[in-house]
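J.: With the hints as constraints, model all of the structure from the sequences given.
Each chain is listed here by its residues.
Protein chains: 2
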Amino acid sequence: MPRRQAAPTAAIRFDIVDGPAAASAIAGAVTTTGGRVRSLTTVRSIEGDPPLVEIELEVDGVEEDTLVAALEAVDDVRAIHRTRALGTVFGKRIIVVGGGAQVAQVALGAVSEADRHNLRGERISVDTIPLVGEADIAAAVRAVADLPRARLLVLAGSIMGGDISAAADELRAVGIPIIALNMVGSITEHVDLVVSDPVQAGTMAVMAVADTATFDLDRQRGRRY
Amino acid sequence: MPRRQAAPTAAIRFDIVDGPAAASAIAGAVTTTGGRVRSLTTVRSIEGDPPLVEIELEVDGVEEDTLVAALEAVDDVRAIHRTRALGTVFGKRIIVVGGGAQVAQVALGAVSEADRHNLRGERISVDTIPLVGEADIAAAVRAVADLPRARLLVLAGSIMGGDISAAADELRAVGIPIIALNMVGSITEHVDLVVSDPVQAGTMAVMAVADTATFDLDRQRGRRY
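Protein chains in written order, with the working numbering: chain A, 1 to 225; chain B, 1 to 225.
Rather than coming from a laboratory, the hints here were simulated on the basis of the structure. These numbers come from a predicted model, not from an experiment. Treat the hints loosely; a few may be bogus.
Because identical chains cannot be distinguished in the list, a pair is counted as satisfied if it fits within a single copy or across any two copies.
Unchecked claim - Calculated lysine to any residue pairs in the SDA-like style (CA-CA distance at most 20 Å, straight line): (1) Lys92 with Ile80; (2) Lys92 with Ala138; (3) Lys92 with Thr31; (4) Lys92 with Thr33; (5) Lys92 with Val132; (6) Lys92 with Arg149; (7) Lys92 with Arg120; (8) Lys92 with Gly28; (9) Lys92 with Asp136; (10) Lys92 with Ser45; (11) Lys92 with Ile46; (12) Lys92 with Gly121; (13) Lys92 with Leu147; (14) Lys92 with Asp76; (15) Lys92 with Gly161; (16) Lys92 with Pro148.
T.: Written as structure tokens, this is what we have:
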């Protein structure tokens, strides 16, 4: 699925009185600026009278000053902070899901490799969750499609198949490739690349998404290392 | 900063024609249901005529069927998928920032410990980024306040201070505690806990946020291990 070039993004965090109309008021204010909401996320709730929610807002195609002015005009908005779009701080995300022992070793390889690319101007994060069980792992694979900035999934375990393989097909259909460790089960037939060593799998995962690397996953598709 | 009890959350992903009015249309539809937008995130853009964006939407206080019906009534909405709220899949997030060597070792401890708690029904993710330089690390510390579900930061490096210490104070002020490795620089005076061994630091970080653990960070504040 091709990506269009990213427009400049303005980012702010602010408090607003919690209520059913809050999101409409925010979206309406953004519309007046001509910008497009890229994300609007409740990062925490604040007890009080009235209760507040703290919102992180990212908007494409608008200057930060214009965005701040539009939000200041909204009733119930308090305490606006200028922040940075999360993509400029945490960048592309490699997601690692599976058993704790393997996830930790994939993370070791991926973090070490990301360090080398981030030193050269890349921004690559390595985000992990250890999970057990077909249902929970399949749900996590499907949810990677909902994670902003997720670029590649590594499945790190000893046995995966069934609904996890179905979820892997769905995830690849939305454009997120998958690397799996060499393991028992049908999953190795439903991923882009199979790598036996977890440190190498983490390293290749980062190389596959780094603009500073010359690794082309398309040329490796279906191979096993 | 106290958190209120979470309401049930409905989550869907859908395509919508990209345009300045898209977020307003979505927020307006949610308002008619009486729900409150918890997050509205563009997960990817799809080239075409017209160009589409794929949106992940989470709404508190509404049934999923009601949410789907409200969105189906919006012009320009296509291809609605039911998803799961990301909090139920990836749960609480430990963020690890710093040098690659140390980040990888903290991740090893944290992933191994999270595995043990996730087996007992917890959901804890370990999200990492290796970075170098005062400005970039300080920006990442500040941005942790903007990350949904971030519960604790681990600073894993050999020397940190200056603006990183200022950023640490700001992050703690919004209610996110920090564990630092024992290192050179002022940072160890601006965190909740200092731990010399990175695997232990990662382990304690997970214990501090796990409901299935009996570790109380409040009772350890200011200590060094």
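J.: Next step is simple, just say for each hint if it's right about the structure.
T.: For each hint, the structure was consulted:
1. In the homo-oligomer, the alpha carbons of Lys92 and Ile80 never lie at most 20 Å apart, since the shortest distance is 27 Å inside one protomer and 25 Å across protomers.
2. Taking the shortest Cα distances, Lys92 and Ala138 sit within 20 Å of each other only across copies (19 Å), while inside one copy they are farther apart (22 Å).
3. Proximity of Lys92 to Thr31 under the C-alpha cut-off of 20 Å is found in neither arrangement, the shortest distances being 28 Å within a copy and 32 Å between copies.
4. For the identical chains of this complex, Lys92 and Thr33 are neighbours neither inside a copy (28 Å) nor across copies (34 Å), given an alpha-carbon limit of 20 Å.
5. Taking identical chains as interchangeable, the C-alpha atoms of Lys92 and Val132 lie at most 20 Å apart only when they sit on different chains, with a minimum of 17 Å there against 26 Å within one chain.
6. For a Cα distance limit of 20 Å, the shortest separation of Lys92 from Arg149 qualifies both inside one copy, at 5 Å, and across copies, at 18 Å.
7. In the homo-oligomer, the alpha carbons of Lys92 and Arg120 lie at most 20 Å apart inside one protomer (15 Å), although the nearest pairing across protomers, at 31 Å, exceeds that limit.
8. With identical chains, the CA atoms of Lys92 and Gly28 are never at most 20 Å apart, being 30 Å at best within one copy and 31 Å at best between copies.
9. With identical chains, the CA atoms of Lys92 and Asp136 are at most 20 Å apart between copies only, with a shortest distance of 16 Å across copies and 24 Å within one.
10. Taking CA atoms no more than 20 Å apart as the test, Lys92 paired with Ser45 passes between copies only; the shortest distance there is 15 Å, against 27 Å inside one copy.
11. Proximity of Lys92 and Ile46 under a CA criterion of 20 Å is satisfied inter-copy only: 18 Å between copies versus 30 Å inside one chain copy.
12. Taking the shortest Cα distances, Lys92 and Gly121 sit within 20 Å of each other inside one copy (12 Å), while across copies they are farther apart (29 Å).
13. Taking CA atoms no more than 20 Å apart as the test, Lys92 paired with Leu147 passes in both settings, with 11 Å inside one copy and 14 Å between copies.
14. In this assembly of identical chains, the alpha carbons of Lys92 and Asp76 never lie at most 20 Å apart, being 34 Å within a copy and 29 Å across copies at closest.
15. Proximity of Lys92 to Gly161 under the C-alpha cut-off of 20 Å is found in neither arrangement, the shortest distances being 27 Å within a copy and 27 Å between copies.
16. Proximity of Lys92 and Pro148 under a CA criterion of 20 Å is satisfied in both settings, with 9 Å inside one chain copy and 16 Å between copies.
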